[in-house]
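As given, the protein sequences belong to chains A and B, one line each in that order.
Sequence positions in the first sequence follow my numbering and run 1 to 175.
Sequence positions in the second sequence follow my numbering and run 1 to 192.
If you're looking for bench data, these hints aren't it; they were derived computationally from the structure.
Be a bit skeptical, because a hint or two may be false.
Calculated pairs, DSSO-like style, for lysine-lysine (alpha carbon to alpha carbon, straight line, at most 27 angstroms) [unchecked claim]:
#1 B/Lys127 <-> A/Lys147
#2 B/Lys116 <-> A/Lys147
#3 B/Lys76 <-> B/Lys66
#4 B/Lys125 <-> A/Lys148
#5 B/Lys116 <-> B/Lys66
#6 B/Lys125 <-> B/Lys90
#7 A/Lys147 <-> B/Lys189
#8 B/Lys76 <-> B/Lys120
Here the structure is a predicted model, which is why all the values come from computation and not from measurement.
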Amino acid sequence: MDIINYLSSAAMPMVILIIISYGILEKNKVFDTFIDGAKEGLEIVLKIFPTLIGLFVAIGALRSSGILDLIINNIEPVLNLLKIPSQIMPLAILRPISGSASIAVATDIMNKFGVDSNIGLIAATIMGSTETTLYTIAVYTSAVGIKKTRFVLYAALAADIAGMIASVAIWRILS
Amino acid sequence: MLNIVWPIFIIISFIYAIFTGNIDNINNSIFESTESAVNLSITLLGTMCLWNGIMEIASRTSVIDKLTNFLKPLIKFLFPSLKNDIDIQKQISMNMIANILGLGNAATPLGIKAMKSMQKQNKDKEKLTNSMAMFIVINTASLQIIPTTVIAIRNSLGSNNPTKIIFPVWIATIIAATVGILVTKLFIKLDK
Chain A
1 MDIINYLSSA
11 AMPMVILIII
21 SYGILEKNKV
31 FDTFIDGAKE
41 GLEIVLKIFP
51 TLIGLFVAIG
61 ALRSSGILDL
71 IINNIEPVLN
81 LLKIPSQIMP
91 LAILRPISGS
101 ASIAVATDIM
111 NKFGVDSNIG
121 LIAATIMGST
131 ETTLYTIAVY
141 TSAVGIKKTR
151 FVLYAALAAD
161 IAGMIASVAI
171 WRILS
Chain B
1 MLNIVWPIFI
11 IISFIYAIFT
21 GNIDNINNSI
31 FESTESAVNL
41 SITLLGTMCL
51 WNGIMEIASR
61 TSVIDKLTNF
71 LKPLIKFLFP
81 SLKNDIDIQK
91 QISMNMIANI
101 LGLGNAATPL
111 GIKAMKSMQK
121 QNKDKEKLTN
131 SMAMFIVINT
141 ASLQIIPTTV
151 IAIRNSLGSN
161 NPTKIIFPVW
171 IATIIAATVG
181 ILVTKLFIKL
191 DK
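Please model the entire structure based on the sequences and the hints provided.
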């Protein structure tokens, strides 16, 4: 448990340390380069901001109207079989479909149940360990004009489901 | 996609709220939601800028070449039919490294380049080859070493240890990617 926490805490500083050291050893202008990259970060956030506003309102509406609870109550028996907490379900459904929508849902879940609660940690782990599968498949196949994608969707969704179950299991073990 | 989902979310929520007398809740939630989107974006700004800056430094060093060597055996295992195509192998590993370092903006164009090279050797231009299928499945796995966006979100929500999830994310990612790769290999075998 302590080792896991240590690795998690050390990962970010270590990566930064290694990269900056490499930059200096290879005589790059590290600060100028850093500023160039940081500007790009600004653009990314500005680009997703309008999407986030739209989706936060829609997901807030789903939750506050009570319709989300209604849906979750209806599919709860299936989720219990898979040992997935029902509070996670909106995220599990949206994660493969839309990146920005899943950011909005994950934030909503962490906010509602507590960012350091078990549910909040599971939501964060799912976000970190899975991708926007449908979008990725669409981008790569359409870029080269492929129409027959064979089994790719099933394989990718199997990976997503495995990642989600693993996220739940890990926090069951750690808590 | 969102052109359909987004209005559906709003319309069914509002109608449901009217019928269940929840209209006050929904009214409040509109303002709360916009506010939390603003708060999230402001805190995201800090982490995203920091991380993009660090990764820009990485992209201009030899770290990328070193990682390419490190990935060679893995790429040979994943793409047996490309064993003589050094160029495509290199494009694939560049894409994987960009993903690992969290350079999403760089990973996609690199990945498309690799797809185009593989498409050149494809006999049926409308159908994915085995290598292309494997490549896409790997790109749908989140290989990122530091899950920056999630950490930024956890930070913005006042977590007492935003990076606590890093190690669990690694484990979950490895499990997800392994399952994706094995399922793909299995489908390829069955498809023969």
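Results for each hint:
{"no.": "1", "hint": "B/Lys127 <-> A/Lys147", "result": "6 angstroms, holds"}
{"no.": "2", "hint": "B/Lys116 <-> A/Lys147", "result": "14 angstroms, holds"}
{"no.": "3", "hint": "B/Lys76 <-> B/Lys66", "result": "17 angstroms, holds"}
{"no.": "4", "hint": "B/Lys125 <-> A/Lys148", "result": "9 angstroms, holds"}
{"no.": "5", "hint": "B/Lys116 <-> B/Lys66", "result": "25 angstroms, holds"}
{"no.": "6", "hint": "B/Lys125 <-> B/Lys90", "result": "22 angstroms, holds"}
{"no.": "7", "hint": "A/Lys147 <-> B/Lys189", "result": "21 angstroms, holds"}
{"no.": "8", "hint": "B/Lys76 <-> B/Lys120", "result": "20 angstroms, holds"}
When held up to the earlier numbered hints, the structure conflicts with none and fits them all.
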